[in-house]
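Peer 1: Below are the chains, spelled out letter by letter.
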Amino acid sequence: MAYEALDFYDVDSLLTEEERMVRDMVRDWVDEEVIPNIEIACREGVFPDEWRVALGEMGVLGAPLKGYDCPGLSYTAYGVICRELERGDSGLRSFASVQGSLAMYPIWDFGSEEQKNHYLPKMASGEWIGCFGLTEPDYGSNPGDMITKAEDMGDHYLLNGAKMWITNGSIAELAVVWAKLDGVIRGFIVEKNDPGFSAPEMKGKHSLKASVTSELVFQDCKIPKDRMLPGVKGLRGPFSCLNNARYGISWGALGSAQACFDSAKDYAMSRIQFDHPIASYQLVQNKLSWMLREITKGQLLAYHLGQKKDSGDWIPEHISLAKMNNVDIALEIARVARDIHGANGILDEYPIMRHMANLESVKTYEGTHDIHNLIIGRHITGIQAFTREA
Amino acid sequence: MDFTIIAETNGDSLHPTTYQLIGAAASMGSNSTVICPNGVGASEAAKINGVEKVISANGDCFNIFDGGAWASAMSSMCGEMILISASPNGREIGARIAAQKDIPIIQDVVSMSEGITVSRPIYSGKAMESLTISGSAVITLRPNAFEAAGTGNDAPINVVDQSADVKIAIQEAINKASERLDVTEADIIISGGRGMGTIENFSHLEEIADTIGAAVGASRAVVDEWGMPHRMQVGQTGKTVTPSLYIAVGISGAIQHLAGMRSSKYILAINKDPDAPIFGVADYGIVASWEDAIPALKSSLSELQS
Amino acid sequence: MNITVLLKQVPDTTAKITISGGKVDENSVSKWSMSPYDEYALESGLQLKEKTGGNLVAITCGPERTKKMLTDAAAVGADTLVHISNDGVTDSTHVQKLLAAAVRRFDSQIVLCGKQAADTNSGSTGPGVAELIDAACVTLVTEVNYSEGKFSTIRPSNSGTEKVAVDGLSVFAFDKGTHELRRPNVRGIMMAKKKQVESITSGDLGVVLDSSNVTLNSQNPPPEKPAGQKFEGAEHVNEVVSKLRNEANVI
Numbered sequence: 001m002a003y004e005a006l007d008f009y010d011v012d013s014l015l016t017e018e019e020r021m022v023r024d025m026v027r028d029w030v031d032e033e034v035i036p037n038i039e040i041a042c043r044e045g046v047f048p049d050e051w052r053v054a055l056g057e058m059g060v061l062g063a064p065l066k067g068y069d070c071p072g073l074s075y076t077a078y079g080v081i082c083r084e085l086e087r088g089d090s091g092l093r094s095f096a097s098v099q100g101s102l103a104m105y106p107i108w109d110f111g112s113e114e115q116k117n118h119y120l121p122k123m124a125s126g127e128w129i130g131c132f133g134l135t136e137p138d139y140g141s142n143p144g145d146m147i148t149k150a151e152d153m154g155d156h157y158l159l160n161g162a163k164m165w166i167t168n169g170s171i172a173e174l175a176v177v178w179a180k181l182d183g184v185i186r187g188f189i190v191e192k193n194d195p196g197f198s199a200p201e202m203k204g205k206h207s208l209k210a211s212v213t214s215e216l217v218f219q220d221c222k223i224p225k226d227r228m229l230p231g232v233k234g235l236r237g238p239f240s241c242l243n244n245a246r247y248g249i250s251w252g253a254l255g256s257a258q259a260c261f262d263s264a265k266d267y268a269m270s271r272i273q274f275d276h277p278i279a280s281y282q283l284v285q286n287k288l289s290w291m292l293r294e295i296t297k298g299q300l301l302a303y304h305l306g307q308k309k310d311s312g313d314w315i316p317e318h319i320s321l322a323k324m325n326n327v328d329i330a331l332e333i334a335r336v337a338r339d340i341h342g343a344n345g346i347l348d349e350y351p352i353m354r355h356m357a358n359l360e361s362v363k364t365y366e367g368t369h370d371i372h373n374l375i376i377g378r379h380i381t382g383i384q385a386f387t388r389e390a
Numbered sequence: 001m002d003f004t005i006i007a008e009t010n011g012d013s014l015h016p017t018t019y020q021l022i023g024a025a026a027s028m029g030s031n032s033t034v035i036c037p038n039g040v041g042a043s044e045a046a047k048i049n050g051v052e053k054v055i056s057a058n059g060d061c062f063n064i065f066d067g068g069a070w071a072s073a074m075s076s077m078c079g080e081m082i083l084i085s086a087s088p089n090g091r092e093i094g095a096r097i098a099a100q101k102d103i104p105i106i107q108d109v110v111s112m113s114e115g116i117t118v119s120r121p122i123y124s125g126k127a128m129e130s131l132t133i134s135g136s137a138v139i140t141l142r143p144n145a146f147e148a149a150g151t152g153n154d155a156p157i158n159v160v161d162q163s164a165d166v167k168i169a170i171q172e173a174i175n176k177a178s179e180r181l182d183v184t185e186a187d188i189i190i191s192g193g194r195g196m197g198t199i200e201n202f203s204h205l206e207e208i209a210d211t212i213g214a215a216v217g218a219s220r221a222v223v224d225e226w227g228m229p230h231r232m233q234v235g236q237t238g239k240t241v242t243p244s245l246y247i248a249v250g251i252s253g254a255i256q257h258l259a260g261m262r263s264s265k266y267i268l269a270i271n272k273d274p275d276a277p278i279f280g281v282a283d284y285g286i287v288a289s290w291e292d293a294i295p296a297l298k299s300s301l302s303e304l305q306s
Numbered sequence: 001m002n003i004t005v006l007l008k009q010v011p012d013t014t015a016k017i018t019i020s021g022g023k024v025d026e027n028s029v030s031k032w033s034m035s036p037y038d039e040y041a042l043e044s045g046l047q048l049k050e051k052t053g054g055n056l057v058a059i060t061c062g063p064e065r066t067k068k069m070l071t072d073a074a075a076v077g078a079d080t081l082v083h084i085s086n087d088g089v090t091d092s093t094h095v096q097k098l099l100a101a102a103v104r105r106f107d108s109q110i111v112l113c114g115k116q117a118a119d120t121n122s123g124s125t126g127p128g129v130a131e132l133i134d135a136a137c138v139t140l141v142t143e144v145n146y147s148e149g150k151f152s153t154i155r156p157s158n159s160g161t162e163k164v165a166v167d168g169l170s171v172f173a174f175d176k177g178t179h180e181l182r183r184p185n186v187r188g189i190m191m192a193k194k195k196q197v198e199s200i201t202s203g204d205l206g207v208v209l210d211s212s213n214v215t216l217n218s219q220n221p222p223p224e225k226p227a228g229q230k231f232e233g234a235e236h237v238n239e240v241v242s243k244l245r246n247e248a249n250v251i
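Protein chains in written order, with the working numbering: chain A, 1 to 390; chain B, 1 to 306; chain C, 1 to 251.
Watch out, some of these pointers could steer you wrong.
The list that follows gives simulated cross-link-like pairs (lysine-lysine, DSS-like), each with its CA atoms no further than 30 Å apart [stated by the list, open to error]:
1) K31(C) <-> K265(A)
2) K265(B) <-> K225(C)
3) K31(C) <-> K195(C)
4) K194(C) <-> K308(A)
5) K193(C) <-> K122(A)
6) K122(A) <-> K51(C)
7) K66(A) <-> K194(C)
8) K66(A) <-> K67(C)
9) K298(B) <-> K243(C)
10) K66(A) <-> K195(C)
11) K272(B) <-> K51(C)
12) K243(C) <-> K66(A)
13) K297(A) <-> K68(C)
14) K122(A) <-> K176(C)
15) K265(B) <-> K176(C)
16) K163(C) <-> K116(A)
17) K23(C) <-> K126(B)
18) K233(A) <-> K116(A)
19) K225(C) <-> K298(B)
20) K16(C) <-> K297(A)
21) K287(A) <-> K239(B)
22) K23(C) <-> K287(A)
23) K265(B) <-> K16(C)
24) K243(C) <-> K122(A)
25) K297(A) <-> K31(C)
26) K265(B) <-> K31(C)
27) K203(A) <-> K122(A)
28) K230(C) <-> K239(B)
29) K194(C) <-> K116(A)
30) K265(B) <-> K49(C)
31) K272(B) <-> K23(C)
By construction, these hints were calculated from the structure, which means they are not laboratory data.
Work out the full structure: start from the sequences and follow the hints.
Peer 2: What follows is the structure, given as structure tokens:
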């Protein structure tokens, strides 16, 4: 069944033909391979390996990166890809975000020529999965105080510490890990067989169940000297990765929102109560109308941000606004959609509860909703409200 | 108007459609010339009312189906208006003759009236179109859409020897039991639900499916509780299907099941509960247990097939 | 060798068909797609090209919008894209003449197409074009193979299927094929974008489109289905089956 997306203002007509072709390719794949299998993947708590292979074959991993066998698409195309993937599931989009924006991007931007040639082609093809280690058990919104550290041992580095909430951790071939070397945050590439490194999976999630989440543990983990990313020092490194990932999320959340809207609309049209479809009642129409309104605004926001990313005329606060808004409305749309579905809304027959639970994570990861508010608050007032110190 | 009919055959005799082609010509107030490829059914055709003459077209070129060869062997014998069955072979012969004579072809016609005005489904039946033909044309008629002509006639039979250049050779016959279709590709689906009692009883649905070339589907309850393969599941979390005919047996019609099959062109529901919601979307409903209805359905359908 | 695939762009089979003013309203079609059986023809052409080498020519006849479908074909591997303008085309005879002339112009050894298009549902194009180019035609095929200068194919027979061989220039009209359809990828899409669509007209092909003796009166929604009919008891099964045949025309 060909999917017809809600696109009230024809925002997609602004895409280039190439971007629309990429959209259709990913959309068809999601319809044919992801949506029919997602509930089973969630129940089993696995990320199907066929999806990794297919993403590599389609050539969408690391979408906006150029050279080194990377796709070389626009940032707008990258956003569209995220949206289409997340209509399937946020866990699937998370996989692509982490691979492209958090693992490939830092190597591409800050890596040595040798590192780029060695890692990027195999990551673009999906052969190697990457993950990104920034958050620690005690340092989430406050990564600058991380305690994972690296020591220069002359002929190698020694890593000690732990990272948490790491998407793709246990299935990754390599991790881009941020650690302090002599008090300065630096990026290191850790490979899965490096001595002293382990990546146990975190179990028991009620959200992003079709995505692998892990801890990364470094106990005197020994890595060769050529694994440090030479091109960046300090928080700018991880933050520039996060800017790209958050940008993708601002599109992705719209995919979840659309899936919920579609389901709510179909359900409301076919569910008969008091002899009429519930879609004929004003309260339900009000809800559907509100969903359409928020999705349409979100689409305009995402598209315009995409244009700014492509032209280079953007600031991180632009991304904060879009990430915060679009995830927020997607989550609220999921909740309202659940309401329209009545009791049926809690069943896995419908995608609603899954998207709702996923979006709770999406609201928190890659900068919580509140942190993005503070980023914008700082932009407005010039006063940072993250810490008590001025 | 002068009608030529190319007979549709079935083994050694005429296919019932041939009677309908002749009936359709008769309804236009015209007698027809019937061409029987390879002479099959010629004497049978001579007995059909409305036939003016039968041409028994014989020749080696008819030993194998090559639409191009058949068309060139018969084209010169055809008159102004040519009627053929809209079967796969009929459509191919028709298209060939039309191209050879440089006349139009209208395929899959379901009604025909003076003018000549014909109508045919387009977009897989989502719309109909009405066309008027002036002059010579090839028209293929949808089987079972026209009244069959009766018998009692005694028309003359002309035997004609024909030859044509056959470009196709059979290398190997592959006899295989046709595999049962998947629910997403079948034109007819017969699905069972919890009302079937046990998974073993699905064998009755499978027999019917094999008789009419249908796929077998299942409701979610049957997939979840009895371990039917998930690929057979029709509904919200299963496949969404749009066959020409969906037969729901022992399926009550929960909203999640309806979501997967309500766009079927026609729905036949068999359920012993007269209040089952499935009857709300069914075009034809039979209130009966599957034990009573399925044997009757099977014999009725196999009778049609033979 | 030149492998030609004839393609048609149609409203997606899941799209709603709207009638306005006695005609199907093309502007209201939400999505245009390559006709499904044509996709199998294209896939088989691509596989053939991979085995034997050669050039895959994708040809369509239609309005401007159909160029997009040619670009989609290029994204999965079509080499030459040919768009024939449908200016002045009023019936299938015209289309066949234009396609046949284009097949000749590109000196094809083999022509692949779908058994019928999802809009007209006719199935005239394959055999019609074959007649005009004096070629063999096999319809309802599921695969095409090439060895020692000869094409062979699988088609249905009374007892299952049969493998048939053809001589010389041939047209194969595809049913659902045995090959899984390939997906495009980003690299293919980027290459397709750079590929030029060759636009030609009936004049370029030297085809005269004479007036047709078929006129379209109107296109209409299908007749309303009768309200649901419910029968009490299994003794009505025969009656219902005959209604399925004669009323609904589905068995």
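Peer 1: Enumerate the violated hints, using their earlier numbering and listing them in ascending order.
Peer 2: Violated: hints 11, 12, 14, 16, 22, 24, 30, 31.
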